[in-house]
Amino acid sequence: MGWIGFAIRITKVDQGVYVIEISGLRKTYRSRTGSVVAVDGVDLSVGEGEVYGVLGRSGAGKSTLLRCVNMLERPDAGTVRVGDVELTGLTGKRLRTARHGIGMIHQHFALLSSRTVAGNVAFALEVTGTPRAERKARVAELLELVGLTERAGAYPAQLSGGQKQRVGIARALAARPQVLLSDEATSALDPETTESILRLLLDLNRRLGLTILLITHEMTVVKRICRSVALMRDGRFAESGTVAELLRRPGSELASGLFPLGGPAGLDGATVVDVTVSGADADAPIIAELARRFDTDVRILGGAVETLATTRAGRWRLALPGTPQDNTGALEFLRSRGAEVEVAS
Amino acid sequence: MTWSEVFELLGPASRETAWMVGVASLFTAVGGLLIGVLFVLTERGGLLPAPPLNALLGLIVNLGRSIPFLILMVSITPFTRLVVGTSIGTDAAIVPLIVGAVPFFARIVETALHEVPGDVVAAATAMGAGRGTIVGKVLLREALPGLISGFTITIIAITGYSAMAGSVGGGGLGAFAIDYGYNRFEGKAMTATVLVLVVFVQLVQMVGDFLARRLSHR
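First to last, the sequence lines map onto chains A and B.
For what it's worth, this note's numbering labels the leading residue of the first sequence as 1, then goes sequentially.
For what it's worth, this note's numbering labels the leading residue of the second sequence as 1, then goes sequentially.
One or more of the hints may lead you astray.
[As the list claims (entries may be wrong)] Think about it this way: if two alpha-carbon atoms lie no more than 20 Å apart in a straight line, the pair counts; the simulated SDA-like pairs of lysine to any residue are: (1) K93/A / T2/B; (2) K137/B / T97/A; (3) K93/A / K137/B; (4) K136/A / P49/B; (5) K188/B / S167/B; (6) K93/A / V23/B; (7) K137/B / R207/A; (8) K223/A / G266/A; (9) K188/B / W3/B; (10) K223/A / P250/A; (11) K137/B / R135/A; (12) K93/A / H217/B; (13) K137/B / E126/A; (14) K93/A / P49/B; (15) K93/A / L72/A; (16) K223/A / D203/A; (17) K223/A / E253/A; (18) K188/B / T2/B; (19) K223/A / T242/A; (20) K137/B / D203/A; (21) K93/A / L48/B; (22) K137/B / N62/B; (23) K93/A / G132/B; (24) K188/B / P12/B; (25) K93/A / G130/B; (26) K188/B / L9/B; (27) K137/B / R96/A; (28) K137/B / T128/A; (29) K137/B / G92/A; (30) K137/B / G129/A; (31) K137/B / L189/A; (32) K223/A / R249/A.
Since the hints were derived computationally from the structure, they do not count as laboratory data.
The following block holds chain B by itself, in its conformation from the complex (with noise of 0.2 Å):
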């Protein structure tokens, strides 16, 4: 194998890569903020107590956390058939992503928004804000640069999943490294794989450093 075969194919694997991720990265930001908020309002003492479905959701976050993404991701096979039709490909590698690291982002925006102090809320609470004005504008805001900070960690995360699911059908750069890297023994292949991935991580991590700083006024 060549350098000029291994580039050949080396960037549609990133490509794929990098749509799994994406598509992957955005679902879980927002279902991860949506299941994060909810969590710190239902707690007691929150903005809705609502004990009962506050240990739901912790229930179904630490399910989610504890089972390895690899046995995750085979397990919901079903499901990921019933979502997008097919159980190989990058898209059909996107569902377990998801589901993957939904829980994950969601207790990190659960810490985030613990990280803002209880006074600054009571604070608001007194002014008159409701709590539509209270998470939009005082428990997300306050807390954006620890949300930041924890969707780069999740990015990152999401991207070794990626590779993972790549090792089991999924595409992308996961499955080239194993494909022309292990199990043909293309040394090239695989240290062009980790570089390219080497690179991301980084550069996901400067963006991601960079706006966490500028938005930063503690």
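So here's chain A without its partners, still in its complex pose (with noise of 0.2 Å):
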């Protein structure tokens, strides 16, 4: 498939098709003062062209779980599926080969500094075995593509760390992988530049299909464009799901962290409530609705309207005047229009 081919090819997210499928994923490391289990048992599925982030902090197993993927760790325990690709048992050129399926950036960039940007992209079709008289056309594709057509013959030492992190990225698609995977590629740059290498990986999922499995630490990147995220903690998934699963879950702890809500949690002679609705009903004036029909004088303590990766969410946390049997049919109006309610006291 040409590289046009391959631009057109529509995104779409089919929970049915999984590209990555890991089960029963652990991995300890042992040393002479006792073993750490770094993944602990850890099932996960990333759809079609999703965008799936792993949230957690360090030292909770995340970038180990990552380095599974592609086998630059060998899990103990488990099975990885990339495409059609069982990994876990390959060796040797096939599982070079296999790799060549597979993209990865990193945080640190890991670039050649011997190497001009045009260099380290040309590097990544070596390894691949692209002829040298296609690489010349490919590395100015793709420079083109992450927007480094400038800065073709420059240095890495000479580039911003946006920069150097778009030559990861065009690296990284070289060999046109299916599945990248970003071991915090952010996590190194200011909140701009981590702005605009979020719009790049998020226009790439959309324009080239590319499914991108992300671990952060930071609560940004989930928003700006995770579909589907996981929470991880001592190496276990504590909770996950797909964004708009997620917001709607009562208690969950990747919903508050998400939109964290400000105010009190109880309030006196008042009802609080968080409220949070997603999809075309976030933008829907149901607040000031809610006060028109039932003539009450809610206040706002908290809350927020945001896009999250694609979708419109929004969550506030309320007070209605009243106990929560005054105000059933409030909240009762609340539900049938969509949000998820619940009581905080």
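Grab the two chains, each in its own frame, and use the hints to assemble them into the complex.
So this is what it looks like as structure tokens:
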């Protein structure tokens, strides 16, 4: 398939087709002082064209998890399938070939300092055995794709962090992979540069149908581009699902992380409720409607309306005068308008 | 001894030193690179982990490094005779020079290769690069400026060793300086030797620095 053919493939998230399927993954590091379980039984399925984020603090095991996907780390147990290939059983040439189909970008970019921007991208093509004659044109295409055509002759040391990561992305896409693994790709970048890299990733996801599995400790990354997210803690997934699902899940840690609600959880003489809406409902004037219909002096204690990757979502903490019983009708109304309502007090 | 007499003898002595240092450097480059690369490959977590082989290499390198050159030279005389058929003269001096310098350079190679960030190697591995590609196009190429700086130091060390070799029958500038400058109190001979050596070391260092700088894009 040519690059053009690849580029016009339509992005479609199909829940039925998993591009990455991990099950029962386990990895323990042994040292003289004892052993550390880095990944402790993780199951993970990433659909075609999906952007999946694994969020967690450092030491949660997310980096090990990601490195197990392309066998940079050998898992102790469990299986990893990418596309049609079961990777855990592969070694040597067959593993190397399978790795061509899995691009990876790195926190500290991991570029060859001795090669120019074009040379770094060409390196990936050399590795995959692209004939010399085709390399030049392909390098130009890839640099165009990430917007670095003008910097082709520069060395990495002469680039800004964002530009370096763009080279990393171009290099990762050289072999036309189905999947891109992102290892804290924006963690070394400032907020504006992070934003531009995330925008590029989202754009590639849409234009090329590229499936992205990323790990990060930054909630903004999840907010900005992930359709699905998992929270990793002590080597396990504490919680996972699509962002839309999580927002509607009562007591979801990820939901409150995505949308931290300010304001007191209790208020004398009032019923405090957390209201979550997503999709088209997020922009509907439901609070105004609520106030008008029930003639109630509703107060907004905290909240926001935001775009999460592709879905619009809103979350508010409201205070309604009276007891929960007094407000049964109002709460019913909110639910009827597609809102997830949780009574805080 | 007149200056013209000094120069008459200095010419051949310099050529002998250049020959010894040149040939020894060449073999040292090959041997040191080989052992240095093998050392890095076989270490724990390396591309070809083999801890026993790694430990053995480390032992050999340390052994070579811990014996003072003068003692090394005279202690391997039987080996030298086996290789070049004689234990005196410039060719005989080349053997201990190589034996002494290879472990020295191997350590330098190891250090230079360790300077290449691990995530660059991981990135190449993730792309599906094989070991040969990683060694040739990533490790050695990325470490090249450091390798050249290290090789410059090695050539200069070999030059120093060669003067020592000269004092015990190895020929070259060392022999000239000892025979004429020291034993016959010929100040001019000593001065000339020192000057030639200073200029030679300067030149080597300048070329080495220039190349290292040209190749480094860090």
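| Is the hinted pair K188/B and P12/B satisfied, with a Cα-Cα distance of at most 20 Å? | Measuring from Cα to Cα gives roughly 16 Å; hence the hint holds.
| message | So if I understand the rule, the pair passes when the alpha-carbon distance is 20 Å or less; does K93/A with V23/B pass? | response | violated (39 Å)
| said: Given the hinted pair K137/B and R135/A, is their Cα-Cα distance within 20 Å? | reply: holds (17 Å)
| query | Is the Cα-Cα distance between K137/B and E126/A 20 Å or less? | reply | The given pair, whose Cα atoms are some 10 Å apart, holds under the 20 Å limit.
| request: Would you mind confirming whether the straight-line C-alpha gap from K93/A to G132/B stays at or under 20 Å? | output: The hint holds at about 13 Å.
| query | Is K93/A within 20 Å of P49/B, Cα to Cα? | reply | Roughly 18 Å separates the two Cα atoms, so the pair holds.
| Hey, K137/B versus R207/A, does the alpha-carbon distance stay inside 20 Å? | Given pair K137/B, R207/A is violated - Cα atoms ~32 Å apart, limit 20 Å.
| query | Holds or violated: are the alpha carbons of K223/A and P250/A at most 20 Å from each other? | reply | holds (19 Å)
| Under the criterion that the straight-line Cα-Cα distance not exceed 20 Å, is the pair K223/A, E253/A satisfied? | Cα-Cα ~14 Å, so holds.
| field | 20 Å Cα cutoff - pair K93/A, G130/B | value | Given that 20 Å is the threshold and the Cα spacing comes to 8 Å, the pair holds.
| message | With the threshold set at 20 Å, check whether the alpha-carbon distance from K223/A to R249/A stays at or below it. | response | holds (17 Å)
| task | Decide if the proposed pair is consistent with the structure: K137/B and R96/A, CA atoms, cutoff 20 Å inclusive. | result | With Cα atoms ~16 Å apart, K137/B and R96/A stay inside 20 Å; holds.
Violated hints, in rising order: 1, 4, 6, 7, 8, 12, 20, 22 and 31; the structure is consistent with all others.
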